[in-house]
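Chemist: Given chain P, put chain V in place with the hints provided.
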Amino acid sequence: MGNILVIGEHHEGKVKKVTFELVSKAAELAATLGGEVDAVLVGHGLQNPEELGSYGAKKIYVVDTPKLEKYNTEGTVKVISEIATEVKPSVILGTASSLGKDFFPRLAARLGAGLATDCTDLKIQDGKLLATRPIYAGKAFVDVKFETEIQMATARPNSFQPKVTQAGAKAEVVSKAIDPGALRAVMKEIVKGQSDKVDLTEASIIVSGGRAMKNAENFKILQELADVLGATVGASRAAVDSGYAPHDMQVGQTGKVVNPNLYIACGISGAIQHLAGMRTSKVVVAINKDPEAPLLQKADYGIVGDLFQIVPLLTQEFKKILAE
Amino acid sequence: MKIGVLVKQVPDTETKIRIKGDASGIEVDGIKYIVNPYCEFAVEEALKTKEKIGTGEVVILSLGPTRTVDVIRTGLAMGADRGIHIDDGGISMDSFTVAAVLAKVIQNEKFDLLFCGKQAIDDDCAQVPQMVAELANFPQVMVADKFEVRGDKKGAQVHRRVGGGAKEVYDVDFPVLIGCEKGINTPRYASLPGIMKAKSKPLAVLKAVDLLGESKPRTIAVNYRLPPERKAGKILKGEPEQMARELVKLLREEAKVI
Numbered sequence: 001m002g003n004i005l006v007i008g009e010h011h012e013g014k015v016k017k018v019t020f021e022l023v024s025k026a027a028e029l030a031a032t033l034g035g036e037v038d039a040v041l042v043g044h045g046l047q048n049p050e051e052l053g054s055y056g057a058k059k060i061y062v063v064d065t066p067k068l069e070k071y072n073t074e075g076t077v078k079v080i081s082e083i084a085t086e087v088k089p090s091v092i093l094g095t096a097s098s099l100g101k102d103f104f105p106r107l108a109a110r111l112g113a114g115l116a117t118d119c120t121d122l123k124i125q126d127g128k129l130l131a132t133r134p135i136y137a138g139k140a141f142v143d144v145k146f147e148t149e150i151q152m153a154t155a156r157p158n159s160f161q162p163k164v165t166q167a168g169a170k171a172e173v174v175s176k177a178i179d180p181g182a183l184r185a186v187m188k189e190i191v192k193g194q195s196d197k198v199d200l201t202e203a204s205i206i207v208s209g210g211r212a213m214k215n216a217e218n219f220k221i222l223q224e225l226a227d228v229l230g231a232t233v234g235a236s237r238a239a240v241d242s243g244y245a246p247h248d249m250q251v252g253q254t255g256k257v258v259n260p261n262l263y264i265a266c267g268i269s270g271a272i273q274h275l276a277g278m279r280t281s282k283v284v285v286a287i288n289k290d291p292e293a294p295l296l297q298k299a300d301y302g303i304v305g306d307l308f309q310i311v312p313l314l315t316q317e318f319k320k321i322l323a324e
Numbered sequence: 001m002k003i004g005v006l007v008k009q010v011p012d013t014e015t016k017i018r019i020k021g022d023a024s025g026i027e028v029d030g031i032k033y034i035v036n037p038y039c040e041f042a043v044e045e046a047l048k049t050k051e052k053i054g055t056g057e058v059v060i061l062s063l064g065p066t067r068t069v070d071v072i073r074t075g076l077a078m079g080a081d082r083g084i085h086i087d088d089g090g091i092s093m094d095s096f097t098v099a100a101v102l103a104k105v106i107q108n109e110k111f112d113l114l115f116c117g118k119q120a121i122d123d124d125c126a127q128v129p130q131m132v133a134e135l136a137n138f139p140q141v142m143v144a145d146k147f148e149v150r151g152d153k154k155g156a157q158v159h160r161r162v163g164g165g166a167k168e169v170y171d172v173d174f175p176v177l178i179g180c181e182k183g184i185n186t187p188r189y190a191s192l193p194g195i196m197k198a199k200s201k202p203l204a205v206l207k208a209v210d211l212l213g214e215s216k217p218r219t220i221a222v223n224y225r226l227p228p229e230r231k232a233g234k235i236l237k238g239e240p241e242q243m244a245r246e247l248v249k250l251l252r253e254e255a256k257v258i
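Those protein sequence lines, which keep their order, are chains P and V. Heads up, the first sequence is in our numbering, so the first residue is 1 and it goes up one at a time. Heads up, the second sequence is in our numbering, so the first residue is 1 and it goes up one at a time.
To be clear, the hints were calculated from the coordinates, so they are not data collected in a lab. One or more hints might be untrue.
[Claimed, not checked] With a straight-line cut-off of 27 Å between C-alpha atoms, the simulated DSS-like cross-links for lysine-lysine are:
(1) 78(P) x 128(P)
(2) 146(V) x 197(P)
(3) 319(P) x 256(V)
(4) 48(V) x 188(P)
(5) 32(V) x 20(V)
[Unchecked claim] Which stretches of chain V does chain P cover? Using the computed rule of at least three CB atoms under 8 Å from a CB of chain P, they are:
(6) 11-25
(7) 54-68
(8) 78-86
(9) 91-102
(10) 106-114
(11) 163-170
(12) 210-223
[Claimed, not checked] Not close to chain P: a few residues of chain V, all C-beta gaps over 12 Å, as computed:
(13) 29
(14) 48
(15) 51
(16) 160
(17) 177
(18) 182
(19) 190
(20) 191
(21) 194
(22) 199
(23) 201
(24) 202
(25) 204
(26) 206
(27) 232
(28) 243
Positions of the beta carbon are idealized from the N, C-alpha and C atoms, including for glycine.
Extracted from the complex, chain P is given alone in its bound form (with noise of 0.2 Å):
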């Protein structure tokens, strides 16, 4: 049997993007392996989970319980490994956000699986997992191979489609009343940051600025094209190191590696480790007074000028087009 299970994420019981991304994604692999994909969504109030049934999953493993409302590492390991134990999926996907990076390496090191963490591509070779993730913050990639039985990996958000192959297909929703166990290290709130805005990690769309920001105050700019695009406002760490940005914010090796759709570098000359850290990206704009500025030979487009003028520019032009 070669089924493939999704842990699936959460926002406040609504089921995640990622979540279906990564269930279209899951779809297409089990049918090279000949398998179903199932999911597992752990948490309390949890809405439609049988809405992943359209993506291509066939039965959802539910936990729902107050004690896990919060979100605990040990007791989401500890739900998991029985459901996996019990269903033995020989694939088991996850998501790179902040929670699929706590547990996953802690649940695949209690199941006795390979972990290949972050991946930007997964395929099917010879009946086993590759996966292919980048190191050194993007400067490089591998392929992991796996010696294990149960084969595990997360993957960055925005790196498959969220593909409806049945639509109105309703998944099977099985409810287990899996106990979380004690729970050691236990979380007594959360902490909202200041804008409800999609994390860098997780933004399709992101606008990000530089060292030429001059200022903090100057980052209002940014926000307000943000806004009319629904990013997520980035900074390099020049920035965040001259205290324009807080450190959150910060692309890069030592900050966020980011994978979003498109890209909008405003006065961002393109350090090495920025330029790692948003690789991935599908397009890059460059906004630069420098002409030599090496993110400006990196991006799709271009414009050498001054970004104070421009930004505002795009600003009531994006507003213009996407009113039509």
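Modeler: Only chain V this time, still in chain P's reference frame:
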């Protein structure tokens, strides 16, 4: 209070990566090695915690070839008390076998608290800390950007950074493993007397093969390669208004991302 710090030696972030002719790995000639930046935060947090509690021992653990001793000495120069170098003897290891070996040493040492970086910036796997926590039976808080020892000195309040600028606040009892994120502290520089003193601090050397037991690699990385170079695209020309209009049009009609 016995505090262990897991430290990894990695190529400097300025390194231009080159691939070996047979695609079996990266070319290591001429690479300058540094302490993994996130591990530096771990060393600093361990030293701060010992100072706060007022007593205890900070032990640096690092697995790797002979050159790895340099990062242990750096930790000792910053103020750690002793080091343990686990020599990999050139055998090929994956995240799991590294974690298995480290967990064995950790269980022998009986640490009350473990600090490590949230990830190493070479292979970017971000697997070893959580696997160590599982194998050595520690609870974990990864991606921590704040760590405050509780008044009773038997636990701590920890902030874990998650997506979108949000933070999860944890209350944990020791023992626990903490994976450090940038922002948790500013690592101190090793002072000259610190560097001199480090030379005489105890540094034990163990061999990975002696600690592996039945553990075998569960994954193999193959086909190392450079990413395709991003080709230079279009540089737009004209007045600012004109360029802005054209860019928006291209993004919608040519690139189809808007």
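Chemist: A separate judgement is required for each hint: does it hold in the structure or not?
Modeler: To see whether the hints hold, each was checked on the structure:
no. : hint            : result
1   : 78(P) x 128(P)  : 26 Å, holds
2   : 146(V) x 197(P) : 23 Å, holds
3   : 319(P) x 256(V) : 16 Å, holds
4   : 48(V) x 188(P)  : 24 Å, holds
5   : 32(V) x 20(V)   : 17 Å, holds
6   : 11-25           : holds (count 7)
7   : 54-68           : violated (count 0)
8   : 78-86           : violated (count 0)
9   : 91-102          : holds (count 4)
10  : 106-114         : violated (count 0)
11  : 163-170         : holds (count 8)
12  : 210-223         : holds (count 8)
13  : 29              : 16 Å, holds
14  : 48              : 19 Å, holds
15  : 51              : 24 Å, holds
16  : 160             : 8 Å, violated
17  : 177             : 9 Å, violated
18  : 182             : 5 Å, violated
19  : 190             : 20 Å, holds
20  : 191             : 24 Å, holds
21  : 194             : 25 Å, holds
22  : 199             : 30 Å, holds
23  : 201             : 29 Å, holds
24  : 202             : 30 Å, holds
25  : 204             : 26 Å, holds
26  : 206             : 21 Å, holds
27  : 232             : 5 Å, violated
28  : 243             : 5 Å, violated
Taken one by one, the earlier hints fail for this structure at numbers 7, 8, 10, 16, 17, 18, 27, 28, listed in ascending order.
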